[in-house]
Amino acid sequence: GNSVTQMEGPVTLSEEAFLTINCTYTATGYPSLFWYVQYPGEGLQLLLKATKADDKGSNKGFEATYRKETTSFHLEKGSVQVSDSAVYFCALTSDSGGYQKVTFGTGTKLQVIP
Amino acid sequence: NAGVTQTPKFRVLKTGQSMTLLCAQDMNHEYMYWYRQDPGMGLRLIHYSVGEGTTAKGEVPDGYNVSRLKKQNFLLGLESAAPSQTSVYFCASRIAGAVYEQYFGPGTRLTVT
Chain A
1 GNSVTQMEGP
11 VTLSEEAFLT
21 INCTYTATGY
31 PSLFWYVQYP
41 GEGLQLLLKA
51 TKADDKGSNK
61 GFEATYRKET
71 TSFHLEKGSV
81 QVSDSAVYFC
91 ALTSDSGGYQ
101 KVTFGTGTKL
111 QVIP
Chain B
1001 NAGVTQTPKF
1011 RVLKTGQSMT
1021 LLCAQDMNHE
1031 YMYWYRQDPG
1041 MGLRLIHYSV
1051 GEGTTAKGEV
1061 PDGYNVSRLK
1071 KQNFLLGLES
1081 AAPSQTSVYF
1091 CASRIAGAVY
1101 EQYFGPGTRL
1111 TVT
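Those protein sequence lines, which keep their order, are chains A and B.
My numbering puts the first residue of the first sequence at 1, with every later residue one more than the last.
My numbering puts the first residue of the second sequence at 1001, with every later residue one more than the last.
One or more of the hints may lead you astray.
[As the list claims (entries may be wrong)] Coverage of chain B stretches by chain A, computed from C-beta distances (three or more under 8 angstroms per stretch; other residues unrestricted):
{"#": "1", "region": "1044 to 1058"}
{"#": "2", "region": "1104 to 1113"}
[Claimed, not checked] Derived lysine to aspartate or glutamate pairs resembling DMTMM-like cross-links, with alpha carbons at most 20 angstroms apart:
{"#": "3", "chain 1": "A", "residue 1": "101", "chain 2": "B", "residue 2": "1052"}
{"#": "4", "chain 1": "B", "residue 1": "1014", "chain 2": "B", "residue 2": "1062"}
{"#": "5", "chain 1": "A", "residue 1": "101", "chain 2": "B", "residue 2": "1079"}
{"#": "6", "chain 1": "B", "residue 1": "1009", "chain 2": "A", "residue 2": "42"}
{"#": "7", "chain 1": "A", "residue 1": "101", "chain 2": "B", "residue 2": "1030"}
{"#": "8", "chain 1": "A", "residue 1": "101", "chain 2": "B", "residue 2": "1059"}
{"#": "9", "chain 1": "B", "residue 1": "1070", "chain 2": "B", "residue 2": "1059"}
{"#": "10", "chain 1": "A", "residue 1": "77", "chain 2": "A", "residue 2": "16"}
{"#": "11", "chain 1": "A", "residue 1": "101", "chain 2": "A", "residue 2": "8"}
{"#": "12", "chain 1": "B", "residue 1": "1009", "chain 2": "B", "residue 2": "1079"}
{"#": "13", "chain 1": "A", "residue 1": "109", "chain 2": "B", "residue 2": "1038"}
[Claimed, not checked] Simulated restraints on C-beta separations:
{"#": "14", "chain 1": "A", "residue 1": "41", "chain 2": "B", "residue 2": "1097", "range": "25 to 35 angstroms"}
{"#": "15", "chain 1": "A", "residue 1": "45", "chain 2": "B", "residue 2": "1071", "range": "17 to 27 angstroms"}
{"#": "16", "chain 1": "B", "residue 1": "1041", "chain 2": "A", "residue 2": "13", "range": "18 to 28 angstroms"}
{"#": "17", "chain 1": "A", "residue 1": "14", "chain 2": "B", "residue 2": "1018", "range": "44 to 54 angstroms"}
What the hints contain is simulated information worked out from the structure, not anything from laboratory work.
For clarity, every value in this text was computed on a predicted model and none was experimentally measured.
Don't be surprised by glycine CBs; every beta carbon is placed ideally from N, CA and C.
Bound-form chain A, shown alone:
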């Protein structure tokens, strides 16, 4: 079946540091890949997505590239801010094996300190 593995958190960074959150996946077919962000006390919201190999998703300074050869979708940001403190979830859907469901990673908590 499908699965998503994220690096364990929490990740603590100083403001303006470089961020990488690793995400690797296992899936049948041709998955679409997503990063969601959850701010304290809120629901998840889409941060970015990529729907085919070599696509780069980007939003709010965050980027992730769909790497089929390494089955990865790592999230990066060049300079984090305190306002980026949140929990980040990597997720996928696949057009085989039942694309109705979404497979989530366990989430990585990011804390940015001034």
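Keeping the supplied structure of chain A fixed, place chain B upon it in accordance with the hints.
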């Protein structure tokens, strides 16, 4: 558009009581989902629906029932609440098809004493 809304936002139940959580979406999405989120455990799928009148079990369906009588609404019921059901519950919806993202509601914080 209001997006995905959930009612109520907070609730405290005694063990054995019942309740229904309501999820509504105004985006005409075919798929709807109920998740629970517990500390350190990410999101776990309870039940989902791929269209009006259809429902299916997710990873953790025991102790919950759902109904989708109207396309825009997805109800989650707890017939006899247990302390293990203390959690934050999220509803989500999306367009049918692998490339589309989910839209989440703000969550319902449920405590069972």
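Hints and how they fare:
1. 1044 to 1058: holds (count 5)
2. 1104 to 1113: Contact hint for the region 1104 to 1113 of chain B vs chain A: holds, 4 residues under 8 angstroms.
3. 101(A) to 1052(B): holds (17 angstroms)
4. 1014(B) to 1062(B): holds (18 angstroms)
5. 101(A) to 1079(B): violated (25 angstroms)
6. 1009(B) to 42(A): Between residue 1009(B) and residue 42(A) the Cα gap is close to 11 angstroms, so the pair holds against 20 angstroms.
7. 101(A) to 1030(B): holds (13 angstroms)
8. 101(A) to 1059(B): The given pair, whose Cα atoms are some 11 angstroms apart, holds under the 20 angstroms limit.
9. 1070(B) to 1059(B): Violated, at roughly 24 angstroms.
10. 77(A) to 16(A): Status holds; Cα separation ~9 angstroms.
11. 101(A) to 8(A): violated (23 angstroms)
12. 1009(B) to 1079(B): Holds: residue 1009(B) and residue 1079(B) sit about 19 angstroms apart, inside 20 angstroms.
13. 109(A) to 1038(B): holds (14 angstroms)
14. 41(A) to 1097(B): 25 to 35 angstroms: Since the Cβ atoms of residue 41(A) and residue 1097(B) sit about 31 angstroms apart, the hinted range of 25 to 35 angstroms holds.
15. 45(A) to 1071(B): 17 to 27 angstroms: holds (23 angstroms)
16. 1041(B) to 13(A): 18 to 28 angstroms: holds (24 angstroms)
17. 14(A) to 1018(B): 44 to 54 angstroms: holds (49 angstroms)
The structure fails hints 5, 9 and 11 (numbered hints given earlier, in ascending order).
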